[in-house]
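Turn these sequences into a full structure, and let the hints steer you where they fit.
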Amino acid sequence: MRPHFSHQFKLSGGYALCPIFLFLIIFIGSGIYFSFQGMPFAFYQISATVAILPAIILAITLGEGTFTTKLNHFIEGVRDNSIITMCMIYLLAGAYTEVLKGIGGVEATVNLTLAFLPTQATLPGIFILSAFIATAMGTSMGTIAAMAPIAFGIANATGLSIPLTLGTVVGGAMFGDNLSLISDTTIAAVQTQGGSLKEKFKINSLIALPAMLITLIILITYGFNNPCQSCFQTEDFQWIASTPYFFVLVLAISGVNVFLVLTFGILSAGLIGLSFTPNYNFITYAKNIYQGYGSMQEILILSLLIGGLSHLTKIQGGLRFLINLATRFVQKFSQKKSKPIAEIAIASIVSACDICTANNTISIILSGDATRELAKKYDLNPARSATLIDLFSCVFQGILPYSAQILLAGSIAGLSPLTIIPHVYYCYALGIMGIYAILLQKPKFSLTKQ
Numbered sequence: 001m002r003p004h005f006s007h008q009f010k011l012s013g014g015y016a017l018c019p020i021f022l023f024l025i026i027f028i029g030s031g032i033y034f035s036f037q038g039m040p041f042a043f044y045q046i047s048a049t050v051a052i053l054p055a056i057i058l059a060i061t062l063g064e065g066t067f068t069t070k071l072n073h074f075i076e077g078v079r080d081n082s083i084i085t086m087c088m089i090y091l092l093a094g095a096y097t098e099v100l101k102g103i104g105g106v107e108a109t110v111n112l113t114l115a116f117l118p119t120q121a122t123l124p125g126i127f128i129l130s131a132f133i134a135t136a137m138g139t140s141m142g143t144i145a146a147m148a149p150i151a152f153g154i155a156n157a158t159g160l161s162i163p164l165t166l167g168t169v170v171g172g173a174m175f176g177d178n179l180s181l182i183s184d185t186t187i188a189a190v191q192t193q194g195g196s197l198k199e200k201f202k203i204n205s206l207i208a209l210p211a212m213l214i215t216l217i218i219l220i221t222y223g224f225n226n227p228c229q230s231c232f233q234t235e236d237f238q239w240i241a242s243t244p245y246f247f248v249l250v251l252a253i254s255g256v257n258v259f260l261v262l263t264f265g266i267l268s269a270g271l272i273g274l275s276f277t278p279n280y281n282f283i284t285y286a287k288n289i290y291q292g293y294g295s296m297q298e299i300l301i302l303s304l305l306i307g308g309l310s311h312l313t314k315i316q317g318g319l320r321f322l323i324n325l326a327t328r329f330v331q332k333f334s335q336k337k338s339k340p341i342a343e344i345a346i347a348s349i350v351s352a353c354d355i356c357t358a359n360n361t362i363s364i365i366l367s368g369d370a371t372r373e374l375a376k377k378y379d380l381n382p383a384r385s386a387t388l389i390d391l392f393s394c395v396f397q398g399i400l401p402y403s404a405q406i407l408l409a410g411s412i413a414g415l416s417p418l419t420i421i422p423h424v425y426y427c428y429a430l431g432i433m434g435i436y437a438i439l440l441q442k443p444k445f446s447l448t449k450q
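Once you know that position 135 of the sequence shown is 135 in UniProt numbering, the rest is easy, because the numbers rise by one and skip nothing.
Bear in mind the hints are in silico, worked out from the structure with no lab data behind them.
It should be emphasised that the depicted structure is a prediction, and the values quoted were computed from it without experimental measurement.
Heads up, some of the hints might be wrong.
To be verified - Pairs of lysine-lysine residues, derived as DSS-like cross-links and limited to a Cα-Cα distance of at most 27 angstroms, are as follows:
id, residue 1, residue 2
1, 101, 339
2, 377, 101
3, 198, 70
4, 198, 339
5, 287, 314
6, 70, 314
7, 332, 377
8, 202, 332
Stated by the list, open to error - Simulated DEER-style distance windows between Cβ atoms:
id, residue 1, residue 2, range
9, 338, 224, 40 to 48 angstroms
10, 293, 376, 16 to 24 angstroms
11, 435, 68, 41 to 49 angstroms
Beta carbons are placed, not taken as given, at the ideal position from N, Cα and C, and that holds for glycine.
Rendered as structure tokens:
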């Protein structure tokens, strides 16, 4: 008789989360290990694109269903609309950054900014500008693509901490991503909860603005205590080379689609370079665009693989397990209709979904039904539950080492994502204010019952 080999253990329910934990253990654990070994660029010794492969193999090997079915599920996640959209933004952002560098635009913009910006206001200025652009555009990715190259140049010119400067950009971008009326996260949160956009904005503002104020105080304090900021001198520069950046800035503030913003940025930078930059020709322009594509290779591949792994986790029941766990938590610890307990559960559900998917819009959609049911059962205003799921998804999206925002900022500056995360002060402040709002049931004002 021919022996029959099969594994009895299947990844389903809570076990479906194991591949994601394996990825985090390899990625973060290897970086910590090599740091203790004194190795330079410790978190680059094992690329995240390689660290995720064992997790994908585990998910496909031990997941339920045939190999073909599981592979198809993985590919469905890879080609998800939001994943492909992010990848296209990566490519355009990389091309825009390289062309701007090639024509001297980054240096020109940095020197122009430093000529007018008070030294102590450098970081607060970067944060406010990033927040303003993100609120106008409704996208954190487009904001980081536009602001990170300039912030990186300013950090190099002033001696500011590069991770801190990039973390400031990400924080400002997440402020707008959370609060903007045209942000996809805001729209998804309101639609899934059935609340009022106007009321959601009111509640969200009263939580986000204090977090913004806390962040500005931290950045201003850093500015006054950092002697390096007064050591820089602006250099002679060709101001015309900075015009593509301001062109992009105007388009972004006007709310133009991020694809059009970056495309026009690439075209305008090329036109300025061909017209005014010595020895800059069409061949150089084409090479800059190609180099920009190449600079985004790692983040693009990682985003595709994370998309596939996240979808496998969802299909195998990992996210549903988290949602059910939070629901049982509420039922166990709250015999009465305790709104704080219900709101903690809602925040936990969307946070867990974001940790698993690394996409705040998707996490809001995935957790929408369960959080809406909890909100209805515990008499929460839909606008408040919409605020909570939007807020906490943005908190974790801004501090996950494998989120698109952190990866993009790290790629532009050539930094490990883990060096940026500690400096995204706004997201930590927003999380603290969110918890404060839950525990003390703030803000309190009259809301229309849905």
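Distance restraint evaluation - residue 293, residue 376, Cβ atoms, bounds 16 to 24 angstroms: 47 angstroms, violated
Proposed proximity, residue 314 with residue 70 (alpha carbon, max 27 angstroms): Judged against 27 angstroms, a Cα distance of about 12 angstroms means the pair holds.
Restraint status (C-alpha distance of residue 198 to residue 339 at most 27 angstroms): 22 angstroms, holds
Range agreement (Cβ of residue 68 with Cβ of residue 435, hint 41 to 49 angstroms): 45 angstroms, holds
Restraint check for residue 377 with residue 101, where alpha carbons must lie at most 27 angstroms apart: Outside the cut-off at roughly 55 angstroms; violated.
Restraint check for residue 202 with residue 332, where alpha carbons must lie at most 27 angstroms apart: 32 angstroms, violated
Whether the CB-CB distance between residue 338 and residue 224 falls inside 40 to 48 angstroms: 44 angstroms, holds
Hinted pair residue 287 and residue 314, Cα distance within 27 angstroms: Violated, at about 40 angstroms.
Pair hint residue 332 and residue 377, alpha-carbon separation not exceeding 27 angstroms: Answer holds: residue 332 to residue 377 is near 15 angstroms, not above 27 angstroms.
Restraint status (C-alpha distance of residue 198 to residue 70 at most 27 angstroms): 42 angstroms, violated
27 angstroms limit on alpha-carbon distance, applied to hinted pair residue 101 and residue 339: Distance ~52 angstroms between residue 101 and residue 339 Cα, so the pair is violated.
Going down the numbered hints, you'll see the structure goes against 1, 2, 3, 5, 8 and 10, while the others check out.
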